Amino acid sequence: MAFTAGVITFPGSNCDRDMAVAIEAVSGKPATRIWHGDAALPDGLDFIAVPGGFSYGDYLRSGAMAANSPVMRAVAEAAARGVPVLGVCNGFQILTETGLLPGALMRNAGIHFVCREVPLIVGNDTSLFTTKYSAGQEIVIPVAHHDGNYYADDETLDRLEGEDQVAFRYAQNPNGSARDIAGVLNAKGNVLGMMPHPERMIEAAQGGDDGRVLFEAVFEGLSVA
Amino acid sequence: MSEITPDVVEAHGLSPEEYERVLHALGREPNLVELGIFSVMWSEHCSYKSSRFHLKKLPTEAPWVICGPGENAGVIDIGDGPDGTKLAAIFKMESHNHPSYIEPYQGAATGVGGILRDVFTMGARPVANMNALRFGRPDHPKMKHLVKGVVEGIGGYGNCVGVPTVGGETNFHKAYDGNILVNAMTVGVADADKIFYSAATGVGNPIVYVGSKTGRDGIHGATMASADFGDDIEEKRPTVQVGDPFVEKLLIEACLELMSTDAIVAIQDMGAAGLTSSSVEMATNGKAGIRLDMDKVPCREEGMTPYEMMLSESQERMLMVLKPGKEAMAEAIFRKWELDFAVIGEVTDTQHMVLEFGGEVVCDIPLGPLAADAPEYERPYVSREEYAAWAGTKPLGEVPESTDVAADLKALLATPDLASRKWIWEQYDSQVGADTLQKSGGDAAVVRVHGTKKALAISTDCTPRYCYADPYEGGKQAIAEAYRNISAVGATPLAVTNCLNFGNPQRPEIMAQFVGCLNGMGDACRTLDFPIVSGNVSLYNESKATGGGSAILPTPAIGGVGLMQDHEIMATIGFKAAGHQIVVIGGESGHLGQSLYLRNLHGREEGPPPPVGLELAKRAGETVRKLIADGVATAVHDCSDGGLAVALAEMAMASGLGCAVALPEGRSSAAAFWFGEDQSRYVVTAAEAEPILEAAEAAGLAAVALGDVEGDEVVFRSIAGESRVAVADLKAAHLSFFEEWMEA
Chain P
1413 MAFTAGVITF
1423 PGSNCDRDMA
1433 VAIEAVSGKP
1443 ATRIWHGDAA
1453 LPDGLDFIAV
1463 PGGFSYGDYL
1473 RSGAMAANSP
1483 VMRAVAEAAA
1493 RGVPVLGVCN
1503 GFQILTETGL
1513 LPGALMRNAG
1523 IHFVCREVPL
1533 IVGNDTSLFT
1543 TKYSAGQEIV
1553 IPVAHHDGNY
1563 YADDETLDRL
1573 EGEDQVAFRY
1583 AQNPNGSARD
1593 IAGVLNAKGN
1603 VLGMMPHPER
1613 MIEAAQGGDD
1623 GRVLFEAVFE
1633 GLSVA
Chain D
32 MSEITPDVVE
42 AHGLSPEEYE
52 RVLHALGREP
62 NLVELGIFSV
72 MWSEHCSYKS
82 SRFHLKKLPT
92 EAPWVICGPG
102 ENAGVIDIGD
112 GPDGTKLAAI
122 FKMESHNHPS
132 YIEPYQGAAT
142 GVGGILRDVF
152 TMGARPVANM
162 NALRFGRPDH
172 PKMKHLVKGV
182 VEGIGGYGNC
192 VGVPTVGGET
202 NFHKAYDGNI
212 LVNAMTVGVA
222 DADKIFYSAA
232 TGVGNPIVYV
242 GSKTGRDGIH
252 GATMASADFG
262 DDIEEKRPTV
272 QVGDPFVEKL
282 LIEACLELMS
292 TDAIVAIQDM
302 GAAGLTSSSV
312 EMATNGKAGI
322 RLDMDKVPCR
332 EEGMTPYEMM
342 LSESQERMLM
352 VLKPGKEAMA
362 EAIFRKWELD
372 FAVIGEVTDT
382 QHMVLEFGGE
392 VVCDIPLGPL
402 AADAPEYERP
412 YVSREEYAAW
422 AGTKPLGEVP
432 ESTDVAADLK
442 ALLATPDLAS
452 RKWIWEQYDS
462 QVGADTLQKS
472 GGDAAVVRVH
482 GTKKALAIST
492 DCTPRYCYAD
502 PYEGGKQAIA
512 EAYRNISAVG
522 ATPLAVTNCL
532 NFGNPQRPEI
542 MAQFVGCLNG
552 MGDACRTLDF
562 PIVSGNVSLY
572 NESKATGGGS
582 AILPTPAIGG
592 VGLMQDHEIM
602 ATIGFKAAGH
612 QIVVIGGESG
622 HLGQSLYLRN
632 LHGREEGPPP
642 PVGLELAKRA
652 GETVRKLIAD
662 GVATAVHDCS
672 DGGLAVALAE
682 MAMASGLGCA
692 VALPEGRSSA
702 AAFWFGEDQS
712 RYVVTAAEAE
722 PILEAAEAAG
732 LAAVALGDVE
742 GDEVVFRSIA
752 GESRVAVADL
762 KAAHLSFFEE
772 WMEA
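Quick note, the sequences are listed as chains P and D, same order. For what it's worth, the numbering used here labels the leading residue of the first sequence as 1413, then goes sequentially. For what it's worth, the numbering used here labels the leading residue of the second sequence as 32, then goes sequentially.
Honestly, the hints are just simulated from the structure, not real lab data. The reader is advised that the hints may include incorrect statements.
To be verified - Pairs of lysine to aspartate or glutamate, DMTMM-like flavour, derived with a Cα cap of 20 angstroms: (1) D/K470 / P/E1529; (2) D/K470 / P/E1615; (3) D/K87 / D/D404; (4) P/K1544 / P/D1450; (5) D/K484 / P/E1436; (6) D/K470 / P/D1621; (7) D/K244 / D/E41; (8) P/K1441 / P/D1570; (9) D/K762 / P/E1529; (10) D/K453 / P/E1529; (11) D/K762 / D/D448; (12) D/K367 / P/E1615; (13) D/K80 / D/D404; (14) D/K225 / D/D111; (15) D/K484 / P/E1615; (16) D/K173 / D/E771; (17) D/K484 / P/D1621; (18) P/K1441 / P/D1621; (19) P/K1600 / P/D1570; (20) P/K1441 / D/D114; (21) D/K318 / D/E377; (22) P/K1600 / P/E1573; (23) P/K1600 / P/D1458; (24) D/K80 / D/E41; (25) P/K1544 / P/E1436.
As the list claims (entries may be wrong) - Under 10 angstroms between C-beta atoms, here's a sample of chain P residues computed to sit facing chain D: (26) G1456; (27) Y1563; (28) H1609.
As the list claims (entries may be wrong) - Chain D regions said to be covered by chain P (calculated; three or more residues, Cβ under 8 angstroms): (29) 189 to 198; (30) 454 to 467.
Values in this document were obtained by computation on a predicted structure and should not be read as measured data. Ideal Cβ positions, reconstructed from N, Cα and C, are used throughout, including at glycine.
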């Protein structure tokens, strides 16, 4: 497959290796690792992943400090050009903090950190990320977070639902997210943020491969384009 | 005028005899800095002065042991890795009991941080965290707060550094009301050709400080952890350190990056007793001397004295000896990760520790008396018979029969010791790293060795009520259970770390517990080829704060590590399909002494603990591993707390499938058969019973076909009739304890 994927590392990222391993396992091609301090992205990136972890220790607010790093300005520019961007967990928090995605992620309703394999219902099945799922399909992907409680005002939530921007919903809401939202797309459909970790569900040994399907969809879509 | 009065000596935890020893070692009076350094180095926590004599008797060697006790952690050979590399597993368990009682979140969090550093200091990337927790009665007024704080602290630290917390054990007993135990274990994987040790060598080589700045936190933590709790424990809060897992994550990455170059001579983390113990141990291990310029130590606050700098237990700090000329390259790596880096001294050949501050020598101590020649005590202990009389364990009386096995089982699963720990382990990120193959809820946690087909199986075990009733048998049992849990997933048990938690060693009865447990552990390790490669001792776990000098139960927590060559040949506990046959193999069934059936359902702690036949334990483990390797076994579960009935229930709950089992002919007591806690037993399922029975017979093991996997209920049959319970009801009972306790 002739494309280049990049994975960004912030101080405190801890799913960056897992994301790179998943990308290579599915695509057969190593991902380019990108350091947060780089003001410019490597040339010719076709796909950017913002991984999970505790960037800057989650101090101030989850994702808030990473959102102001030089590399995120470059990611925003790339996203505006149409480059697909996937943010997982802390990556989702960073994408909402940069304004690339609407809404915010608050402390879980149950207060505690929660690590659990959760059933998800696929919403949008037409985006680059979700074409290999079908709307209404139930898949299982683990969550592991403290701040995954998705919030947006009703107007925004109505718009997200009306414009088919909800990629995934929780079948059993683990964190109090508004309208059970687990993952959202931007209006153009090239930026996806989600709290569950697809990179942890690539092969049977990990408990299933429902996450692999997301990466396959992206890479097949990119190869065709 | 001397600043060292008898009061000052006593406040530093040194006995008058030990102070005499200081005077003799120096040939003069110490100054306050020197006294502080002697105080922490000779504390029980750092010097192991009451335990060293007995620890030397433990077996520590095997062909696969690369490094046994004495370094930061133990190292074992785990064979070939990717691209022709050789791999090693590095692991250790450590206590953070006293701080966790005083301030549970930070106490537990910094316990995790400290054990992580012990492992990555040696060049390993940490791949798994485990823990062993003991709490008091759930209805004790402080206990809910302590459990919540400890669990949040372990999660808060481990989740942030990105090391999965994959398993552990939790017990409740009133003996821990005033003294909870928080034991944390880390396992890492390293290139066997790139293991880093602590011996400072090379006169003139720079000594480098990296990580966080030094603050005033944790001063005298090691001394605090070496005494009973008095009435003033709230005042000891300032001796608890504060952790920053974000900095630890940066420190891991920076250290591993530097370790991939050729710059480090020696490295040691600053744990208990901080800069003092790290520098003394490095110089002692290198048979060298050390000179530090205290003006160069990065400090968080202005005006810190050398005394405070040497005794601070600020977290996330490391001390290294670099090869000359590598300073700039190393500094660039640490600056990139936004960490402090300072050359603060050099290796000398004086065999003295010399500290300079403001142009003056503020400390000059010969290293010998500080570490290698520190006090060592052979504390007196009572005989086994005297101990039994003191412990006052009653002989096993008449045991009430179980007239409804299913109902008793359901009741047991809702008791604190057997309840589901889901509330705890869902607060831990168990999957970061994407190599977790089994997490809490099975027999051993299993973590794939990244980039290979191999996996490490890890289990933490100890049954303190057995250890109290009979320290020798309890010590054997702790080792044998770790061996069994590792075997039950199909891995070969390789080595052990331990965390020895006991009361005040100056009491001969407590010392008898310590010696008895160690003798049992040693015998078990020798028979099972399961050497001890690292460990930690925590004494003085007694509390006056809750009324009356009560000691904890003797708790030698064991952390076992095993290896499987191909993780696809791995057993799990859940039943796999209706129609599979269920067989219990290994030891006999029927021992109710010290059982949870007796204690939790009938309120009696009586009788001897189940004895462990070590040769039997070995044969049973080998047989089960072969049944797994041959693809015969479809599910395996070790039998331990709560006996056969609980093992069957856990296999049912893990799968949602029920089973129907029958009391064998000729067995009169359902209670003894289903709830007895005899050792060396495994429940094994397979498509047919015969291959299991044949393998057991060939190995000379007892084996009983119990019934089959079927339906969605657990059904116990006997000639007296049958008793049944839905798996869904068992699950609800199993979850109820924590849900009701924590969320109420």
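Each hint tested on the structure:
1. About 12 angstroms separates the Cα atoms of D/K470 and P/E1529, which keeps this hinted pair within 20 angstroms; it holds.
2. Taken as a hint, the D/K470 and P/E1615 pair is honoured in the structure, with Cα atoms around 17 angstroms apart against an allowance of 20 angstroms.
3. Proximity of D/K87 to D/D404 is assessed by CA-CA distance (about 15 angstroms); at most 20 angstroms being required, the pair is judged to hold.
4. Restraint check for P/K1544 and P/D1450: not satisfied, since their Cα atoms lie roughly 34 angstroms apart, outside the 20 angstroms limit.
5. About 17 angstroms separates the Cα atoms of D/K484 and P/E1436, which keeps this hinted pair within 20 angstroms; it holds.
6. Distance restraint check for D/K470 and P/D1621: the Cα-Cα separation of roughly 18 angstroms lies within the 20 angstroms cut-off, and the hinted pair is therefore satisfied.
7. As the CA atoms of D/K244 and D/E41 are separated by approximately 30 angstroms, the hinted pair breaks the 20 angstroms bound.
8. The straight-line distance between the Cα atoms of P/K1441 and P/D1570 is roughly 39 angstroms, outside the 20 angstroms bound, and the hint therefore fails.
9. As the CA atoms of D/K762 and P/E1529 are separated by approximately 18 angstroms, the hinted pair is consistent with the 20 angstroms bound.
10. The straight-line distance between the Cα atoms of D/K453 and P/E1529 is roughly 12 angstroms, inside the 20 angstroms bound, and the hint therefore holds.
11. Between D/K762 and D/D448 the alpha-carbon distance is near 15 angstroms, which keeps this suggested pair within the 20 angstroms criterion.
12. Restraint check for D/K367 and P/E1615: the C-alpha separation of about 35 angstroms exceeds 20 angstroms, so the hint is violated.
13. Of the supplied pair hints, the one linking D/K80 and D/D404 holds, its CA atoms being roughly 10 angstroms apart against a limit of 20 angstroms.
14. The hinted pair formed by D/K225 and D/D111 meets the criterion: a straight-line CA distance of about 14 angstroms does not exceed 20 angstroms.
15. Under the criterion of a C-alpha separation no larger than 20 angstroms, the hint pairing D/K484 with P/E1615 is consistent with the structure, at around 13 angstroms.
16. Of the supplied pair hints, the one linking D/K173 and D/E771 holds, its CA atoms being roughly 17 angstroms apart against a limit of 20 angstroms.
17. A hinted pair counts as satisfied when its Cα atoms are at most 20 angstroms apart, and D/K484 with P/D1621 qualifies at roughly 18 angstroms.
18. Restraint check for P/K1441 and P/D1621: satisfied, since their Cα atoms lie roughly 19 angstroms apart, inside the 20 angstroms limit.
19. Between P/K1600 and P/D1570, the direct Cα distance comes to roughly 17 angstroms. Compliance with the 20 angstroms bound is thereby established for this hinted pair.
20. Taking the CA atoms of P/K1441 and D/D114, the gap is near 18 angstroms; set against the 20 angstroms cutoff, the hint holds.
21. About 14 angstroms separates the Cα atoms of D/K318 and D/E377, which keeps this hinted pair within 20 angstroms; it holds.
22. Using a Cα cut-off of 20 angstroms, the hinted pair P/K1600 and P/E1573 holds, with the two alpha carbons roughly 14 angstroms apart.
23. As the CA atoms of P/K1600 and P/D1458 are separated by approximately 16 angstroms, the hinted pair is consistent with the 20 angstroms bound.
24. Between D/K80 and D/E41 the CA atoms are separated by roughly 18 angstroms; this keeps the pair inside 20 angstroms, and the hint holds.
25. For the given pair, P/K1544 sits about 19 angstroms from P/E1436 by alpha-carbon distance, which is consistent with the 20 angstroms threshold.
26. Because the smallest distance between the Cβ of P/G1456 and any Cβ of chain D comes to about 25 angstroms, over 10 angstroms, the interface hint for this residue is violated.
27. With 10 angstroms as the threshold, the beta carbon of P/Y1563 stays out of range of chain D, its nearest partner Cβ sitting at about 22 angstroms, so the hint is violated.
28. The interface hint given for P/H1609 holds, since its Cβ lies 7 angstroms from the closest Cβ of chain D, which is under the 10 angstroms cut-off.
29. Judged by the Cβ-Cβ criterion of 8 angstroms, the segment 189 to 198 of chain D is covered by chain P as claimed, because 4 of its residues qualify and three suffice.
30. Figure legend: the segment 454 to 467 of chain D, annotated as covered by chain P; annotation consistent (11 residues with Cβ-Cβ distances under 8 angstroms, at least 3 required).
The structure shown violates the earlier hints numbered 4, 7, 8, 12, 26, 27.
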